[in-house]
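Fit chain B to the given chain A structure using the hints.
The listed protein sequences derive, respectively, from chains A and B.
In this text, residue positions in the first sequence follow numbering that gives the first Met the number 0: the first is 0, and each later residue adds one.
In this text, residue positions in the second sequence follow numbering that gives the first Met the number 0: the first is 0, and each later residue adds one.
Hints should not be assumed to be uniformly reliable.
One copy or any two copies: either way a pair holds, since identical chains are not told apart in the list.
Said to hold, decoys possible - For lysine-lysine, the following BS3-like pairs were computed, each having C-alpha atoms within a straight-line distance of at most 27 Å:
| # | residue 1 | residue 2 |
| --- | --- | --- |
| 1 | 183 | 428 |
| 2 | 183 | 63 |
| 3 | 183 | 173 |
| 4 | 250 | 428 |
| 5 | 63 | 139 |
| 6 | 173 | 283 |
| 7 | 63 | 173 |
| 8 | 63 | 428 |
Hints were generated in silico from the structure; no laboratory data involved.
2 protein chains.
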Amino acid sequence: MAQRQMKLGFMMHGNGTGWGDWRHPDAQPGASTDFAYYRRQAQIAEAARFDFLFVADSVHITPKSSPHYLNRFEPLTILSALAAVTDHIGLVGTLTVSYAEPFNVARQFASLDQLSGGRAGWNVVTSWLEGSARNYSREKHYDHATRYRLAAEHLDVVQGLWDSWEDDALVHDKASGRFFDPDKLHRLDHRGDFFQVEGPLNIARSPQGQPVIFQAGASEDGRDFAAARSDAIFVQPGDLAGAQAYYADVKRRAAGFGRDPDTLFVLPGLRPVIGSTEAEAERKYQAFTGLTSIEDALLIMARSFNEHDFSQYDLDAPFPDVAHVAANSNRSTSERIIALARAENLTLRQTAQRFATPRTDFIGTPEQVADAFGRWFTGRGADGFVFNNSLPDELSVFADTVVPILQARGLFRTEYEGTTFRDSLGLAKPANRNTTRRLAAE
Amino acid sequence: MAQRQMKLGFMMHGNGTGWGDWRHPDAQPGASTDFAYYRRQAQIAEAARFDFLFVADSVHITPKSSPHYLNRFEPLTILSALAAVTDHIGLVGTLTVSYAEPFNVARQFASLDQLSGGRAGWNVVTSWLEGSARNYSREKHYDHATRYRLAAEHLDVVQGLWDSWEDDALVHDKASGRFFDPDKLHRLDHRGDFFQVEGPLNIARSPQGQPVIFQAGASEDGRDFAAARSDAIFVQPGDLAGAQAYYADVKRRAAGFGRDPDTLFVLPGLRPVIGSTEAEAERKYQAFTGLTSIEDALLIMARSFNEHDFSQYDLDAPFPDVAHVAANSNRSTSERIIALARAENLTLRQTAQRFATPRTDFIGTPEQVADAFGRWFTGRGADGFVFNNSLPDELSVFADTVVPILQARGLFRTEYEGTTFRDSLGLAKPANRNTTRRLAAE
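Extracted from the complex, chain A is given alone in its bound form (with noise of 0.2 Å):
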């Protein structure tokens, strides 16, 4: 059997990841909606051979939003265009299934997925912002719990509609005007507690059979649901002990499902800082943590607490007990903010500082950098890893410098196996639902 790779996606934000990002020298505050910027950094994720490119997302804004999220592309038109400009990488996009028309994610993604040739992925979130009901006409947002259900059900709907066509159910025979065949035509006559879709959807399979799923989950409802329905998990990472604990407990669960553990990949998103020298990585993650204020910071930090207001309490003072505004949110990322805080008895402002600008594993050289990617990839704290560090030139710089490495190793392609997603990732084609009904009926 071959070497065991790891999978390498890239986290396209055009201004940057952090929230200073943009006053970094290096930055370009506009990149967020430059089409152009987005391209080249395509190109060089695709020419280093990465699996993917990730475009994460939002519903609602507020003046005090992080500036990476006042004013971006919509993942699926930006995706959909950088298909027309690369051939292999894969296009996962996020988009949350609380204020999403399943038919329509259905076929946007199933068109994504035609149009590059069968390389589309669907990051699916539910959102978990207050405010963004208030885009969508609703009085409040859904509970943790229901929107989990919803999720799950939006999703059975969504994968029920890729398996609408059989795969030779266009038949294309002009002497006959035969078009397609109905035998093989599905309706999907889905009725279920969130949503009633008849079907059948208006566009075809496509090679790769049914875009790839990503998720996020941390708490158990989110861990069950990405253990049973996701190829991929997008994980914030902590440190590798805490990591190699995620990705046993999700792998365990996967198996407890029925599947193949090894058909789930768990891939955490990291920030390199990469130096020639260990001082010049050290001198540029320093350059970093100057550029967000403690009043940023609180900010940042209260994203994952339902825009809780830190201003309150003493920045001092040690972190407060605020379990109970994690409960209804983004649980992944507070909880392991409390953690942290504990573990190390930290005050406010230093839990803030840290979450704002982590250090990590991942500073140092390219040597360093490889070698932190590889133990955490062997010791089973990842299947990979989503780069995330949008600067203009650090993208560059690790494909120039630690992919090469990691490639003499062993540990990465040098090739593209395929030409679809699934093909890079080595999972099968899935088959047609409605083929196998079909067949164990006959």
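Chain B alone, transformed into the frame defined by chain A:
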């Protein structure tokens, strides 16, 4: 003042416009999900200096739907991909207000507008197939009057969101840490009968200010809506006299709404058949008529009558009385069919066949087709046309033979006037309502 010039759009349907087009010897039946096909046609249209590409849509199919509805790209995704491989041509997508959240619609068109450098257009439709509701967890489709009230409010919300950011709101001052001017970012706070949307939108205005609005109104409500709110009207043409009457009517309505009627473009969709001789053109036309069976012709017509079952009538008796079916349907088309059948005293069979393969003024040599374009244009039956024949070679033939004649006669541009879609149309960038309001208050 410069000579008035016609506007030209290209209707993109991969595998043909008519029901039987995919059976044409030249047709590529899988073209509707073939990105390379779309790219090639888009680039031909741009090389010929067309104003825009137009993507039609529908959100419900059955096994009886026209082949060109069954399997095709979703408009926003294919247009975004085309944005990446074109530089000047406008990108107009159809999207129904009935089943898409205004916040999502505003974002996706704004994102397309940004990534194309200001070339987006939205064809605002109210879905007219009863079945559509069943793909969107709704019991019943809205009635005609309600749909237009909803459309007006939906458009209010979308256009309001598009003005969330004033043009100079993004300051990007790295030294002071001021990313934007909060006085120039505006919530919408819309509270209406159908929608409650807070805003602001999380994407700034594009170089053209707002996407261009298309509409296709034929009923009283529809004509008023188009005349009041749209920049361009897509029309299904009958004869020149009918086109002139429609043209005069909507221009008069536009003036009644206080608009300059010259900023509203009436654009019939046409399917020219061009031959190097009249005889060749006639042969090409006849080749189309044989592609659609009478059974299919009845189904095609049924689409404009809520999928009414026409097989219950005698094919060779006079066209049946189905005016009651037309009332809550695609009124423009259904009323035109009824009027045609009455005026020429046609049987059901004759009406269906005529509708499936219309014989128009636009069949002949390049000179004859250019003459017809000129006659409709200078005779004020149209301000331009949407070329509606997507067989592989027909656009090239038109571009190579008819366009040069129109250009030589001064009726069509030889170079793009600017960089945005509004530049091509000669439409001013609209003032941001929030800027206007803020300056008035100062």
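For the identical chains here, do residue 63 and residue 139 meet the 27 Å Cα criterion within one copy, between copies, both, or neither? within (21 Å within a copy, 41 Å between copies)
With identical chains, the pair residue 183 and residue 428 could be close in the same copy or across copies; at 27 Å between alpha carbons, which is it: within, between, both, or neither? Answer is within: at 18 Å inside a copy they meet the 27 Å cutoff, but 49 Å across does not.
At most 27 Å between CA atoms: does that hold for residue 183 and residue 173 within a copy, between copies, both, or neither? Only inside one copy: residue 183 and residue 173 sit 18 Å apart there, 58 Å across copies, limit 27 Å.
As a check of your reading, is residue 63 near residue 173 (CA-CA no more than 27 Å) within one copy, between copies, both or neither? between (59 Å within a copy, 17 Å between copies)
Regarding residue 63 and residue 428, is the shortest C-alpha distance of 27 Å or less found within a copy, between copies, in both, or in neither? Neither: 43 Å inside a chain and 29 Å across chains, both beyond 27 Å.
First find the shortest C-alpha distance between residue 250 and residue 428 inside one copy, then the shortest across copies, and answer within, between, both or neither for a cut-off of 27 Å. within (21 Å within a copy, 55 Å between copies)
Give the relationship of residue 173 and residue 283 under a CA distance limit of 27 Å: within one copy only, between copies only, both, or neither. between (63 Å within a copy, 17 Å between copies)
When no copy is specified for residue 183 and residue 63, does a C-alpha distance of 27 Å or less occur within a copy, between copies, both, or neither? between (51 Å within a copy, 14 Å between copies)
In summary, the one numbered hint that this structure violates is 8.
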